[in-house]
Amino acid sequence: MAETLLSVKNLKTYFYTDEGVVKAVDGLSYDLKKGETLGIVGESGCGKSVHALSVMRLIPTPPGKVVAGEILFEGKNLLHLPDEQMRRIRGNRIAMIFQEPMTSLNPVLTIGEQIAEAVILHQKLEKRPAWDRAVEMLDRVRIPLARERVRDYPHQFSGGMRQRVMIAMALSCNPSILIADEPTTALDVTIQAQIIELMHDLQQEFNMAVILITHNLGVVADMCDNVVVMYAGRPIEHADVHRIFQDPKHPYTWGLLHSVPKLYERKERLIPIEGQPPSLIDLPPGCSFAPRCPFAMEICLQEFPPDYGVGPEHTAKCYLHSEYATEEDRAAAAKAGLAASTRSGPR
Amino acid sequence: MAVTRGEIILDVRNLYKHFPISKGFIFQKQVGAVKAVDGVSFSIRQGETLGLVGESGCGKTTTGRVILRLQEPTSGEAYFEGRNLFKLSKEDLRRMRRDMQIIFQDPYSSLNPRMTVGDIVGEPLEIHNLARGKEKLRRVQELLEIVGLSPYHANRYPHEFSGGQRQRIGIARALAVNPKLIICDEPVSALDVSIQAQVLNLLEELQKEFGLTYLFIAHDLSVVKHISDRIAVMYLGRIVEVAEVDELFANPQHPYTEALLSAVPIPDPAIRRERIILPGDVPSPVNPPAGCRFHTRCLYAQESCRVNDPELVDYWGNGHAVACPILPFRHQRSKAAVVKAAS
Chain A
1 MAETLLSVKN
11 LKTYFYTDEG
21 VVKAVDGLSY
31 DLKKGETLGI
41 VGESGCGKSV
51 HALSVMRLIP
61 TPPGKVVAGE
71 ILFEGKNLLH
81 LPDEQMRRIR
91 GNRIAMIFQE
101 PMTSLNPVLT
111 IGEQIAEAVI
121 LHQKLEKRPA
131 WDRAVEMLDR
141 VRIPLARERV
151 RDYPHQFSGG
161 MRQRVMIAMA
171 LSCNPSILIA
181 DEPTTALDVT
191 IQAQIIELMH
201 DLQQEFNMAV
211 ILITHNLGVV
221 ADMCDNVVVM
231 YAGRPIEHAD
241 VHRIFQDPKH
251 PYTWGLLHSV
261 PKLYERKERL
271 IPIEGQPPSL
281 IDLPPGCSFA
291 PRCPFAMEIC
301 LQEFPPDYGV
311 GPEHTAKCYL
321 HSEYATEEDR
331 AAAAKAGLAA
341 STRSGPR
Chain B
348 MAVTRGEIIL
358 DVRNLYKHFP
368 ISKGFIFQKQ
378 VGAVKAVDGV
388 SFSIRQGETL
398 GLVGESGCGK
408 TTTGRVILRL
418 QEPTSGEAYF
428 EGRNLFKLSK
438 EDLRRMRRDM
448 QIIFQDPYSS
458 LNPRMTVGDI
468 VGEPLEIHNL
478 ARGKEKLRRV
488 QELLEIVGLS
498 PYHANRYPHE
508 FSGGQRQRIG
518 IARALAVNPK
528 LIICDEPVSA
538 LDVSIQAQVL
548 NLLEELQKEF
558 GLTYLFIAHD
568 LSVVKHISDR
578 IAVMYLGRIV
588 EVAEVDELFA
598 NPQHPYTEAL
608 LSAVPIPDPA
618 IRRERIILPG
628 DVPSPVNPPA
638 GCRFHTRCLY
648 AQESCRVNDP
658 ELVDYWGNGH
668 AVACPILPFR
678 HQRSKAAVVK
688 AAS
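Each protein sequence line maps, in turn, to chains A and B. Under the working numbering, the residue at position 153 of the first sequence is numbered 153, and the numbers go up by one with no gaps. Count along the second sequence from 1, add 347, and you get the number used in the working numbering.
There could be a bad hint or two in this list.
[As the list claims (entries may be wrong)] Below 25 Å or equal to it, Euclidean Cα-Cα: the simulated SDA-like pairs (lysine to any residue) are:
(1) B:Lys434 <-> B:His475
(2) A:Lys23 <-> B:Ser509
(3) B:Lys370 <-> A:Ser158
(4) B:Lys370 <-> A:Tyr153
No lab work stands behind these hints, which were simulated from the structure alone. Predicted model only: the values in this text are computed from it and were never measured.
Start from the sequences and build out the full structure, keeping to the hints where you can.
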């Protein structure tokens with residue numbers, strides 16, 4: 001059994017604004033093991049990026065604040081670390097790559113300077129060896145002519161190359177955890193394939209754990225071992241990747257699976273989730289998905305459901321799996337789950 | 348998916364759009380050109396959806412805009428219902444624009460933030476003298492309902508709506524003049540997955556109800572596959588392959604199409620495929636490679652590919668056309684293997 005590297009317990013991050021309190025993340029928990037790839041999946045506003053920034057303690061305070069929870073890494077709670085100690089972890093032991101490589105790199109510094117900066121800071125290398133390390137990293141992310149290109153500026157690289165540079169920067173200090181926030185969303189699909197393959201290989205090479213944040217179910221299926229599905233700031237289903245696709249248990253997960261047009265299946269009508277996600281300032285009482293849920297029961301409108309065990313290492317926050325559900329409800333749920341899963345449909 | 352397909356409604360021939368690059372401070376000299384669209388020909392039948400797919404810089408968006416003359420072509424012809432759009436006078440073009448509309452990609456920049464939704468949707472009716480006053484209001488409300496919005500949304504401003512709702516407003520605006528052809532320029536790319544599905548369904552329903560013809564421009568193959576009857580694949584300003592949807596996915600012939608299909612991540616962890624990873628980046632459209640412009644990244648490239656610039660040819664006589672100079676001589680390889688792991 002692999003060791004647990006990171007343990008997030010009941011994380012809550014709120015933003016205090018003039019319009020009210022935005023509960024961006026409201027009770028997220030998971031364990032990340034060595035070598036694992038954990039996918040955090042959901043649509044805009046579900047809290048997946050805010051959670052990553054919370055782990056890195058990059059939440060702007062004010063207006064944001066981590067109001068509850070623990071983030072345990074190497075025996076310490078990151079939320080209580082003094083700034084100086086956190087700085088030794090951020091970018092060094094836990095690294096992050098961001099969504100838009102176009103805007104995440106400093107335009108007035110060369111690529112070499114930006115990579116070397118991290119190494120000089122964290123590993124206390126001198127300039128010359130730091131520069132060599134930068135070249136070595138560019139090589140490892142397969143940028144051709146690394147020794148020349150290390151002197152170039154970000155604008156001289158394409159989107160896919162810039163993303164590789166970001167990965168090089170993140171890995172330069174050999175972190176044990178890499179947080180990748182939508183690393184391929186802004187890229188063309190053939191470049192996306194290159195980056196996914198690169199991340200696969202590097203993960204093996206560096207023996208890292210990866211937290212992959214994305215809304216793209218295809219990328220999840222490709223890269224992840226385990227998946228947490230988030231909706232309106234809360235995790236609503238948690239299982240290994242095979243179970244999420246083959247045996248999904250939450251109506252929102254079914255809705256997501258149905259909404260995605262599939263490349264190799266017979267064409268069928270897409271079944272969208274009607275309505276809109278709720279405002280995070282004005283969450284409905286009860287389950288935040290209830291207003292859009294075709295299976296909503298009385299209890300769903302009153303109280304937010306707790307975790308129910310629905311399979312081996314598989315939980316879902318849904319009353320359909322509780323004593324509140326009737327036989328009919330369960331039968332309807334089973335049918336809907338099967339229809340949404342990848343087990344249905346021709347292959 | 349269209350129910351019936353009629354006559355050819357749009358016929359584009361040898362379309363070129365080059366953007367000049369000039370140097371010089373006082374005396375501007377043209378030193379090169381971005382060859383965004385570099386010899387594109389295709390046709391669409393009434394009631395059909397043609398998907399135009401390709402990655403950044405392939406020229407698909409520019410193609411759409413030039414057809415509508417939102418930008419002037421460098422050369423070529425585009426016949427809409429038999430009339431060459433590029434030769435029309437301003438007056439005739441304006442009348443023609445009633446029949447051709449566009450839906451834009453970015454729901455946040457394609458609506459005027461200082462106009463109410465009602466004004467935005469009603470503006471085309473004013474411009475084309477189709478309705479005024481009460482009649483215009485009535486039509487606007489009708490259009491809002493058709494796209495799944497509420498009539499009382501007419502008094503609100505765009506910033507009060509979500510991305511998916513704004514896209515619906517853009518669709519209502521396009522429908523206002525009862526067009527025959529709608530160019531959909533990446534209409535769902537900026538939307539969340541579940542909202543994408545809503546908007547795609549809406550577009551399909553509207554096509555059935557109003558007999559619309561679509562040119563659907565996108566980079567997401569799964570989306571394009573879902574809505575199109577035929578698909579044209581673009582690379583560096585040219586169409587490299589065109590075929591009926593099922594045929595294209597079952598028998599991709601161009602190496603770029605194969606790579607594109609294999610690159611799309613499939614939302615099913617049980618399906619494992621042999622991925623074709625293309626080396627390198629897309630070359631710049633300022634300096635496309637000589638010969639076949641794909642040869643620098645092509646896994647099958649031969650010497651002759653550096654010299655021969657291929658035409659789109661239908662070798663089988665079934666509407667499936669490919670631009671590959673060595674296609675007739677390539678061995679019939681197995682395509683990207685789709686192997687389902689035993690579950």
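Now the hints, each set against the structure:
Note on lysine 434 (chain B) and histidine 475 (chain B): the hinted pairing holds, with a Cα-Cα distance of about 21 Å set against a maximum of 25 Å. Between the alpha carbons of lysine 23 (chain A) and serine 509 (chain B) the distance comes to roughly 19 Å, so the proposed pair stays at or under 25 Å and holds. Between lysine 370 (chain B) and serine 158 (chain A) the alpha-carbon distance is near 23 Å, which keeps this suggested pair within the 25 Å criterion. With a C-alpha separation of about 22 Å, the suggested pairing of lysine 370 (chain B) with tyrosine 153 (chain A) holds against the 25 Å cut-off.
Against the hints set out earlier in the document, no violation occurs for any number.
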